[in-house]
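Please model the entire structure based on the sequences and the hints provided.
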Amino acid sequence: MDCRFRTDASIDTPSMVSACRCPQHARRLFTGGVVGAALLAGAGPLAAQTLPECKRSTFTKAVSAETVEQQAGLQYRQMLQQASGQRALAPADHPQLQRLRYISARIVPHTRDCNPRAADWKWEVNLIGSRQINAFCMPGGKIAFYYGILSELQLTDDEVAMIMGHEAAHALLEHAREQMGKNTVTTGALRLGAALLGLGSLGDVGAQIGGQLLSLKFSRDDESEADALGLVMAARAGYDPRAGVTLWQKMTAGAGGGAPPELLSTHPAGPTRIKDIEGKLPRVLPMFESAARPDRRFAAPARMAPAKR
Numbered sequence: 239m240d241c242r243f244r245t246d247a248s249i250d251t252p253s254m255v256s257a258c259r260c261p262q263h264a265r266r267l268f269t270g271g272v273v274g275a276a277l278l279a280g281a282g283p284l285a286a287q288t289l290p291e292c293k294r295s296t297f298t299k300a301v302s303a304e305t306v307e308q309q310a311g312l313q314y315r316q317m318l319q320q321a322s323g324q325r326a327l328a329p330a331d332h333p334q335l336q337r338l339r340y341i342s343a344r345i346v347p348h349t350r351d352c353n354p355r356a357a358d359w360k361w362e363v364n365l366i367g368s369r370q371i372n373a374f375c376m377p378g379g380k381i382a383f384y385y386g387i388l389s390e391l392q393l394t395d396d397e398v399a400m401i402m403g404h405e406a407a408h409a410l411l412e413h414a415r416e417q418m419g420k421n422t423v424t425t426g427a428l429r430l431g432a433a434l435l436g437l438g439s440l441g442d443v444g445a446q447i448g449g450q451l452l453s454l455k456f457s458r459d460d461e462s463e464a465d466a467l468g469l470v471m472a473a474r475a476g477y478d479p480r481a482g483v484t485l486w487q488k489m490t491a492g493a494g495g496g497a498p499p500e501l502l503s504t505h506p507a508g509p510t511r512i513k514d515i516e517g518k519l520p521r522v523l524p525m526f527e528s529a530a531r532p533d534r535r536f537a538a539p540a541r542m543a544p545a546k547r
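Residues 239 to 547 (the numbering used here) make up the sequence shown, in order.
Take these hints with a grain of salt, some might be off.
Result set (BS3-like, lysine-lysine): computed pairs, CA atoms no more than 25 angstroms apart in a straight line [unchecked claim]:
#1 Lys293 to Lys513
#2 Lys488 to Lys513
#3 Lys518 to Lys488
#4 Lys293 to Lys360
#5 Lys488 to Lys293
Hints were generated in silico from the structure; no laboratory data involved. Everything numeric in this text was worked out from a predicted model, so none of it was measured.
Okay, here's the thing in structure tokens:
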């Protein structure tokens, strides 16, 4: 293990709730490293006009995409500094980070036509040294995985791709922007956002929106939409969409009975999610079967030793 990178750092930063959030609903930390979509310039993009999965909400019009992405970038840089200070940011030569960046480089070219803005995003993928079982994508294509989700669930490449596609789908469908658009109808939500950033009653709308990014939750509909689009992108990138089923079997087993009832959660329950994914397989399996296969495969990292008490 690289002594520069701690896999069990204590990360405790308030942020958006992850679409693939852990049973304990772990908090997120955003960190950076650019993914070159040009690595797979020959990969065929999605045809947005023929994909119902690419449809976005009209609520996004209430908040500008530029503002959301700018604020996400600011939070990204701040949290990158925190991760580096705790030696929780994986170096570029870490095998698991290389794995994540390889998989994302296969998926990113398929995002371009689903949201025109994605072609100009500086997609980034990073690995955080934490036991938390979590992954996320910020607006503008900033993706991070926690080491715990790779090691504790022993994810295959196909399962990693299902998470990667799902998280990228949240950004493409602009779910964060949609939720903020809905929130702007109440001044209370904006004031809370400013308070989270320690800005008191400052009237800067951009800063207030940045505060919302720290605590935003996606709805169950958002999660289902991200599952559907994520399966399509991962399948087009050559990863088996049937891994979506095994992934959620692992996630459900990992919950140990600690997940809240579906009606009390913003996320679909594990069995519901598995059933929905199984229903989508007849549509996405032909995409997978006609896609070029990855020329590299990676192993999951060893399980982490139990935490010291």
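Structure-based check of each hint:
1. Lys293 to Lys513: Between Lys293 and Lys513 the Cα gap is close to 22 angstroms, so the pair holds against 25 angstroms.
2. Lys488 to Lys513: Status holds; Cα separation ~14 angstroms.
3. Lys518 to Lys488: This hinted pair holds, its Cα atoms lying about 19 angstroms apart.
4. Lys293 to Lys360: With Cα atoms ~22 angstroms apart, Lys293 and Lys360 stay inside 25 angstroms; holds.
5. Lys488 to Lys293: 29 angstroms, violated
Comparing the model with each earlier hint shows a violation of hint 5 alone; every other hint is respected.
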